[in-house]
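**Q** Sequence:
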Amino acid sequence: MSKVESLPTVSPSPQYLAWLQRQRRGHLFVRATQVAILVVFLVLWEVLPKALIVNPVLTSYPSALWPTFVSLLKSTPQQASILTHTWATVLATILGFTGAMVLGTAVAAALWWWNALYKVLDPYLVVANAMPKTAFVPIFYIWLGATMSIYGMSLAISVFITILMIYSGFQGIDPNKIKLAQTFGATKGQILTKVVLPGSVPTLVAALKVNAGLSLVGVIVGEFQSANVGLGYLIQYGSQIFKMNIVMTGITILAIISSLMYLAISWLEAAVMRRR
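Numbering (my numbering), first residue to last: 1459 to 1734.
Worth flagging that the hints you see were computed from the coordinates, not collected in a lab.
It cannot be assumed that every hint is accurate.
Unchecked claim - Computed spacing ranges between beta-carbons, pair by pair:
1. W1572 / A1722: 33 to 41 Å
2. A1586 / M1606: 13 to 21 Å
3. S1717 / N1686: 24 to 32 Å
To be verified - As a list, the in silico DSS-like pairs of lysine-lysine whose alpha-carbon atoms are at most 25 Å apart:
4. K1635 / K1652
5. K1635 / K1646
6. K1532 / K1508
7. K1667 / K1652
8. K1577 / K1532
9. K1532 / K1701
10. K1635 / K1577
11. K1508 / K1637
12. K1577 / K1637
All figures in this text were calculated on a predicted structure; none of them were measured in a lab.
In this text, a Cβ means the ideal position worked out from N, Cα and C, and glycines have one as well.
Work out the full structure, taking the sequences as your base and the hints as a guide.
**A** In structure tokens, the structure reads:
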């Protein structure tokens, strides 16, 4: 019998089991509270308009959303199916989100590589990030056209904060790790790929979380202005003809899209952090 096989099995201590039970209770409490908040919101949204405490013309009801969704599934010569609108918004968000992450990471790496470039561009990046991007919607429409302006808004609204966040993560890397890599003869490219980028994974995940919402906001703002398809267009159309059922259905689908994006990024974060 080997030494490994002869080792006795150690049972968990009572303190550890009690800690695990507290963790499970805490997790269940958080989930139950989240569900309770959602249920209370939906109940109030249903009850208050029907009791005429809130004007039902302005808010619609949760119970009216499913029939509205079903009716919008049918495409007509005047109006595309709601699935077409949803896909157009999701596709534009994914493209803007991906473009912002790729471009933001590349620019942040260039700023880390050339410190003089960062000193030159720093005030411009801060000002560009602080400017209200909605002011550029008509300009993008003229420059890029109806469809590309939506992608442009999605990219513009998220790329500058991405650059600043990722560069800040690069700068937060322990300088001793960089000095150690230099001691072993690592080139600057190797330091970037082997030390800086892996060490900035939490910052990259945080940038993903921020970009998920900002890219969707950019798409909706662009669709308000110029699109003839997309959830932003559908919400704008519903408000113009004063059909709040259409508006609330579009907003609900946006909430579902945001939730799915959040869950996907949370799953990616958990997988990456376990691997690290």
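**Q** All hints, please: hold or fail.
**A** Hints versus structure:
1. W1572 / A1722: 33 to 41 Å: holds, 34 Å
2. A1586 / M1606: 13 to 21 Å: holds, 20 Å
3. S1717 / N1686: 24 to 32 Å: holds, 27 Å
4. K1635 / K1652: With a Cα-Cα distance of about 10 Å, the restraint between K1635 and K1652 holds, given a limit of 25 Å.
5. K1635 / K1646: holds, 13 Å
6. K1532 / K1508: violated, 28 Å
7. K1667 / K1652: holds, 24 Å
8. K1577 / K1532: violated, 55 Å
9. K1532 / K1701: Roughly 17 Å separates the two Cα atoms, so the pair holds.
10. K1635 / K1577: The given pair, whose Cα atoms are some 24 Å apart, holds under the 25 Å limit.
11. K1508 / K1637: It is violated: about 67 Å lies between the C-alpha atoms, which goes past 25 Å.
12. K1577 / K1637: Cα-Cα ~23 Å, so holds.
In terms of the numbered hints stated before, the structure departs from hints 6, 8, 11, listed from lowest to highest.
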